[in-house]
Amino acid sequence: MERIEDKHGVKRYLIQITVNGDDRTLLVKANMLLVNVLRDRLDLTGTKKGCELGNCGSCSALLDGKPVNSCLVLAVEADGHEITTIEGVAQSDELDRLQDSFVENAAIQCGYCTPGMILSAKALLTRNPHPTEHEVRQAIAGNLCRCTGYVNIVKAVLAAANRPENEIRGVA
Amino acid sequence: MKEEHAVIGHSVPKIDGRVKATGQARYTGDLRFPNMLVGKILTSPHAHARIVRIDTSEAERLPGVKAIITHKDVPSRKYGISPARWDENIFCIDKVRFVGDKVAAVAAVDEETVYKALKLIRVEYEILPAVFDPVEALAEDAPLIHEEFPRNINAEIHQEFGNVEEAFSRAFHIRTDTYVGQRTYQSPIEPHSAICMWDGGKLTVYASTQSPHYFQYYLAREFELPMGDVRVLKTFVGGGFGGKMEPTGLEFGGAVLARITGRPVKMFYDRAEMFAHNRGRHRQIMELTTGVDRNGKILGCHANFIMDGGAYTSLGIASAYYAGALLTLTYDFNDYKFDMLRIYTNLPACGAQRGHGAPQPKYAFECHLDNIARDLELDPAQIRLLNARKPNTVTPNSFKINSCELTACIEKARRLSGWDEKKGKLPEGKGIGMAVGSFVSGAGYPIYRTDLPHAAAIIKVHEDGSAATLYTGATDIGQGSDTVLCQMAAEAMGIKYEHMKIVSADTETTPHDFGAYASRQTLMSGAAVKEAGEMVKEQVLEMAGAMLEVDPKELDCKNATIFLRSDPEITIPFRNVARKFFVDKGPLVGRGAYTPPKLGGSFKGAAVGTSPAYSFATQVSEVEVDRETGEINVKEVWDVHDCGKVINPALLHAQVHGALFMGMGEAIWEEVRFDKNGKIVNPNLSDYRLPTALDMPKVTSELVESYEPAGPWGVKEVGEGATIPTMGCFANAILDAAGVRVNSLPLSYEKVWRALREKEAEGKKAPKPIEHEEGYTGELAAYEM
Chain R
0 MERIEDKHGV KRYLIQITVN GDDRTLLVKA NMLLVNVLRD RLDLTGTKKG CELGNCGSCS
60 ALLDGKPVNS CLVLAVEADG HEITTIEGVA QSDELDRLQD SFVENAAIQC GYCTPGMILS
120 AKALLTRNPH PTEHEVRQAI AGNLCRCTGY VNIVKAVLAA ANRPENEIRG VA
Chain U
0 MKEEHAVIGH SVPKIDGRVK ATGQARYTGD LRFPNMLVGK ILTSPHAHAR IVRIDTSEAE
60 RLPGVKAIIT HKDVPSRKYG ISPARWDENI FCIDKVRFVG DKVAAVAAVD EETVYKALKL
120 IRVEYEILPA VFDPVEALAE DAPLIHEEFP RNINAEIHQE FGNVEEAFSR AFHIRTDTYV
180 GQRTYQSPIE PHSAICMWDG GKLTVYASTQ SPHYFQYYLA REFELPMGDV RVLKTFVGGG
240 FGGKMEPTGL EFGGAVLARI TGRPVKMFYD RAEMFAHNRG RHRQIMELTT GVDRNGKILG
300 CHANFIMDGG AYTSLGIASA YYAGALLTLT YDFNDYKFDM LRIYTNLPAC GAQRGHGAPQ
360 PKYAFECHLD NIARDLELDP AQIRLLNARK PNTVTPNSFK INSCELTACI EKARRLSGWD
420 EKKGKLPEGK GIGMAVGSFV SGAGYPIYRT DLPHAAAIIK VHEDGSAATL YTGATDIGQG
480 SDTVLCQMAA EAMGIKYEHM KIVSADTETT PHDFGAYASR QTLMSGAAVK EAGEMVKEQV
540 LEMAGAMLEV DPKELDCKNA TIFLRSDPEI TIPFRNVARK FFVDKGPLVG RGAYTPPKLG
600 GSFKGAAVGT SPAYSFATQV SEVEVDRETG EINVKEVWDV HDCGKVINPA LLHAQVHGAL
660 FMGMGEAIWE EVRFDKNGKI VNPNLSDYRL PTALDMPKVT SELVESYEPA GPWGVKEVGE
720 GATIPTMGCF ANAILDAAGV RVNSLPLSYE KVWRALREKE AEGKKAPKPI EHEEGYTGEL
780 AAYEM
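Note that the protein sequences, when read in sequence, are chains R and U.
Per numbering that gives the first Met the number 0, residue 0 is the first one in the first sequence, and the count goes up by one each step.
Per numbering that gives the first Met the number 0, residue 0 is the first one in the second sequence, and the count goes up by one each step.
Since the hints were made in silico from the structure, they are not lab data.
One or more hints might be untrue.
Claimed, not checked - EDC-like cross-link-like pairs, simulated, lysine to aspartate or glutamate; straight-line CA separation at most 20 Å:
no.	chain 1	residue 1	chain 2	residue 2
1	U	K634	R	E132
2	R	K10	U	E111
3	U	K675	U	E111
4	U	K634	R	E134
To be verified - A few chain U positions that, by computed beta-carbon distances, are all more than 12 Å from chain R:
no.	residue
5	P12
6	R17
7	R31
8	F171
9	W197
10	K421
11	R578
12	R590
13	L651
14	A653
15	D694
16	K697
17	G713
Where is the CB? At the ideal position from N, CA and C, for every residue including glycine.
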């Protein structure tokens with residue numbers, strides 16, 4: 000990884016990441032978190048910060064299709080990888096079936112956990128298109144929601160999963 | 000009573016669903032302004048200490064630091080929520096009173112620099128003895144936390160209605176039980192943040208708030224500004240649950256930093272700082288004595304409580320009154336006595352958490368009533384039916400109850416849960432429990448004394464008549480008030496939900512409303528919206544009458560079509576009429592305001608607990624207890640609610656789900672714990688355990704038919720009421736399953752396990768003293784179990 004040093008001796012690294020299909024080249028410090036790159040450098044504020052300790056799941060993003068807490072990933076670790084954030088889930092004006100299902104099933108209240116929830120659910124449906132209720136609960140157990148009791152979130156994910164196959168669009 | 004409504008009563012999707020599902024929705028922490036700085040507060044590492052010296056010189060020299068402020072740079076006027084108990088300073092002047100008290104603040108170019116600067120501020124403290132337990136804090140020789148409050152008594156309440164001693168003298172059975180609640184924290188997933196900026200003498204604050212109005216009022220007061228020169232805007236808010244009701248150091252400190260630097264400043268809490276700021280549930284020690292007749296009819300009750308308030312009053316004065324006031328709602332008895340001491344301790348301040356002061360006392364009372372039922376060999380459902388409040392009654396503390404379908408709720412919950420087939424008949428280790436609750440639909444009086452209406456609304460119909468925008472100060476923090484109020488506006492005007500736009504919770508563009516607390520908005524803000532909508536409709540029908548050459552009284556409007564009542568085939572589109580109105584007369588605007596009627600008695604504290612209407616609910620839960628490990632597995636929960644007319648069934652049931660979830664967490668896992676120096680040991684979301692998707696049981700949420708005459712279209716509250724019965728309902732199910740009663744929250748596996756072992760040992764020898772868990776201090780141990 001290429002690096003430069005400023006006049007105070009602080010090193011910065013050149014990283015290349017693909018975010019929602021777009022190539023991005025950035026200069027970051029070694030301690031920069033992926034969540035801060037997404038939010039502060041790329042203005043993708045759909046990725047939320049709730050705890051910065053990997054406990055709440057608000058900052059969930061997909062790294063090469065797998066859900067990660069982006070507050071636990073260093074930007075330099077993401078170098079060369081593909082990242083999907085909530086802004087990349089709907090590829091056009093049309094909502095993804097999961098997003099649509101969250102709206103339709105009253106699965107959104109304050110909405111702060113919603114992006115992370117949708118991404119965790121997205122990763123689940125990509126690897127397991129017809130999950131059981133328990134599998135849905137397992138997949139989102141790392142995403143805390145304080146409003147819904149998860150009742151309608153689970154309902155929304157199951158409803159999305161049971162839509163006809165031809166409506167299914169994979170991620171990344 | 001069944002009237003057909005076109006818009007209300009339907010589960011329309013949330014108006015902000017799409018922006019939240021796509022990540023477009025911006026919360027305060029997501030906003031950026033040109034030239035913006037980042038700020039943070041330096042807090043105290045000690046629970047009680049005198050500030051000897053603050054040296055900011057080294058921090059000031061750090062490149063990128065733009066301003067550092069201490070108490071010398073800010074107004075010294077004390078603030079708080081209750082005027083009689085303004086006891087907090089923007090930054091501590093003489094001493095700090097808890098780990099996390101505000102000492103100084105920094106603004107710098109970025110977050111990293113801010114954190115570095117905080118570490119470079121040198122504060123010299125002289126450590127003072129601290130006190131963490133309310134009973135110890137009451138002692139004559141206890142350290143004094145606020146000099147003006149002897150024996151650390153922040154509030155003392157003594158109320159008696161009727162004559163409890165006389166009622167007890169008539170009783171067949173009198174029982175006393177003591178329960179202990181614990182400190183919990185609202186834990187919204189969005190951390191608090193605030194962005195402050197000045198334009199000359201005008202302050203603008205973007206805040207994560209439940210009440211832009213109270214923020215505006217208290218900011219204006221602190222900085223001696225006219226309220227018109229303080230603009231508070233709510234962005235999307237990631238949950239509040241009572242924790243974002245009052246302005247914090249983020250707004251006060253941020254405003255000063257922004258003024259000094261001449262730049263926008265974004266302030267924020269991290270998760271640990273949220274726990275330290277707190278304002279969550281109080282810990283209460285609750286002694287209840289109740290006398291009943293031979294049949295189990297309650298004759299009188301004495302509630303004697305002590306509350307750990309933490310270092311400041313916050314909203315706690317209201318919590319203290321609510322704790323006793325709302326105990327009279329669900330059961331019909333005349334003689335009631337309530338004593339309460341709210342005590343200062345060197346711990347974070349407590350305030351209003353979902354259900355305010357009510358859930359813990361209700362937990363205590365519902366356990367206590369089950370014990371009484373056991374003593375008399377009565378079915379818990381039967382004793383509740385016998386005592387259940389009836390409609391059109393008045394409580395001993397002068398709350399007027401209009402609609403009340405509590406009996407129907409109990410009956411329906413009993414039927415749905417299979418109570419009669421299960422109670423006393425489940426296998427070993429399984430149990431079923433019931434509890435009831437009630438809550439206000441908005442507070443009868445605001446937090447500070449004012450004659451302003453409680454809610455107001457303006458509706459502006461667009462020039463071409465194709466849409467209408469509702470301007471309301473009501474605050475959507477996720478519960479869905481924007482959606483519900485748009486449904487109500489559309490219904491009142493006779494147009495479609497899809498035509499509605501909304502601007503809410505911006506003190507400059509929207510009319511006054513007190514905000515999201517005390518479950519007030521559907522009833523109170525809704526009443527103002529209905530009035531505004533009806534004013535629009537009246538003007539439109541008048542114009543349509545002129546256009547059609549008929550008496551406007553003969554016309555009505557539904558689904559954006561105006562029609563002749565006597566011949567609905569004769570129609571004219573709302574849009575055409577509204578457009579013509581604009582052309583002929585200018586803006587088509589409706590406005591409305593809501594002020595509750597004069598409510599309550601004339602005794603001290605009579606205002607707290609008054610409301611135009613009260614919701615009622617019954618919950619039943621079925622649990623399984625592992626007798627070896629004490630582990631509690633919640634199998635299923637049923638909630639049956641009397642919440643009046645329902646505007647949006649999907650959102651309403653979602654409120655019940657969320658309230659039940661919070662109540663379940665609070666019942667079994669959640670507790671803010673402290674070490675012996677008053678430092679929180681679990682200020683994060685792994686050690687402070689919120690239930691996950693895997694923990695949630697099957698939930699059934701049902702309603703009973705109800706109509707509330709005091710609410711627009713008959714509405715009442717739901718958001719907080721569903722939290723009230725939950726803890727008692729679980730405690731009673733655990734008692735039924737395991738045969739042991741744990742008298743302190745949370746009803747943790749460990750406590751259940753200890754109680755089971757103790758019960759086993761009982762037969763063999765006298766019970767040994769219970770070892771209390773690490774982190775507890777002092778007298779409270781006596782109340783454990």
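So, going through the hints one by one against the coordinates:
{"no.": "1", "hint": "U:K634 - R:E132", "result": "holds, 15 Å"}
{"no.": "2", "hint": "R:K10 - U:E111", "result": "holds, 15 Å"}
{"no.": "3", "hint": "U:K675 - U:E111", "result": "violated, 31 Å"}
{"no.": "4", "hint": "U:K634 - R:E134", "result": "holds, 18 Å"}
{"no.": "5", "hint": "P12", "result": "violated, 5 Å"}
{"no.": "6", "hint": "R17", "result": "violated, 6 Å"}
{"no.": "7", "hint": "R31", "result": "violated, 8 Å"}
{"no.": "8", "hint": "F171", "result": "holds, 41 Å"}
{"no.": "9", "hint": "W197", "result": "holds, 24 Å"}
{"no.": "10", "hint": "K421", "result": "holds, 23 Å"}
{"no.": "11", "hint": "R578", "result": "holds, 29 Å"}
{"no.": "12", "hint": "R590", "result": "holds, 29 Å"}
{"no.": "13", "hint": "L651", "result": "violated, 9 Å"}
{"no.": "14", "hint": "A653", "result": "violated, 5 Å"}
{"no.": "15", "hint": "D694", "result": "violated, 9 Å"}
{"no.": "16", "hint": "K697", "result": "violated, 9 Å"}
{"no.": "17", "hint": "G713", "result": "holds, 22 Å"}
Checked against the numbered hints given earlier, this structure breaks hints 3, 5, 6, 7, 13, 14, 15 and 16; the rest are met.
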